[in-house]
Amino acid sequence: LLTDANPESRKSPNWMLSVSSGSEDWDRLLASFVELHEKNQQATVQYLATKINYEKFRALPLEFQTAVLTMMSFSGADLPVFQTLHKYLSEHPDKIAPSVAGLLFPTRYWEKIVQNSPHADPVLVKALIRQESAFNPLARSRAKASGLMQLIFPTAKFFGIKKPIQLLDPQANISAGSEFLAQLVNQFGSVELALAAYNAGPNIVKQWQKRYPTTNIDVFVEMIPYSETREYVRLVKRNYKVYQNILIKPQVLGQN
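All residue numbers for the sequence shown refer to the numbering used here, where the first residue is 1 and numbers rise by one.
Be a bit skeptical, because a hint or two may be false.
[Unchecked claim] Below, a list of computed lysine-lysine pairs in the PhoX-like style, where the Cα atoms sit at most 25 angstroms apart:
| no. | residue 1 | residue 2 |
| --- | --- | --- |
| 1 | K237 | K210 |
| 2 | K87 | K56 |
| 3 | K162 | K144 |
| 4 | K210 | K241 |
| 5 | K206 | K157 |
| 6 | K157 | K144 |
These aren't lab readings, by the way, just hints derived from the structure by calculation.
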């Protein structure tokens, strides 16, 4: 999205103060984001991010867009960042730059994931969290799933969660969710089937296995009747490949 000659400079919000949109209102918004970030008021940035007119925002200079999206990412407002960048990159696939990877695939919670996923592949847990909650620890779904790994209490209580409120604690949620995921991988013997079960439910996947008796996992995924689950498996696998490069093989990205 932005060719950045000095990526290290983007680790500090100071460079953003010199970026202009050409509009006083938008410039004030960016200045407010920087100020709120410095005051550790991330929740306010997350709230303001929900009030942005993104149709107008996408018409602003690219460097300004990147500055605003970076501040939103710093504050944990990842979902609108993902949505905006995916929209832009789908329209301008030739303008992808390395600086986008950190916004589209943030590494937050990685240490907690490693520490609290003793039986699951931590990269897979990371990939799943990006798809489930966009790294929002307070995320809740209509199905009453909560937290980073979007667990429902009836399931989570089998993995050490004693009260529903615990699901909003990142460490507790990751610990329970990673154990559930590890159990599914062991049960089904396949990451793809485990992901399908995480999304649609283990009993549903067992029914599909009886209906589509194939040992070819790729064929099975294509035959999943729920389009949401089929796409979910594909997207988590995509996330997994990206995070393998970012987290496990940093030399691929030219980092030491």
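Holds or violated: K206 with K157, Cα cutoff 25 angstroms? OK: K206 and K157 at ~23 angstroms, within 25 angstroms.
Between K162 and K144, is the straight-line Cα distance small enough, at 25 angstroms or below? Distance of about 16 angstroms is within 25 angstroms: holds.
Taking only the CA atoms, is the gap from K87 to K56 under or equal to 25 angstroms? Holds - the C-alpha atoms of K56 and K87 are around 13 angstroms apart, at most 25 angstroms.
Between the alpha carbons of K237 and K210, is the straight-line distance 25 angstroms or under? The given pair, whose Cα atoms are some 24 angstroms apart, holds under the 25 angstroms limit.
Hint check: K157 vs K144, CA-CA at most 25 angstroms. Holds or violated? 14 angstroms, holds
Starting from K210, check that the Cα of K241 is at most 25 angstroms away, please. Not OK: K210 and K241 at ~30 angstroms, beyond 25 angstroms, violated.
Comparing the model with each earlier hint shows a violation of hint 4 alone; every other hint is respected.
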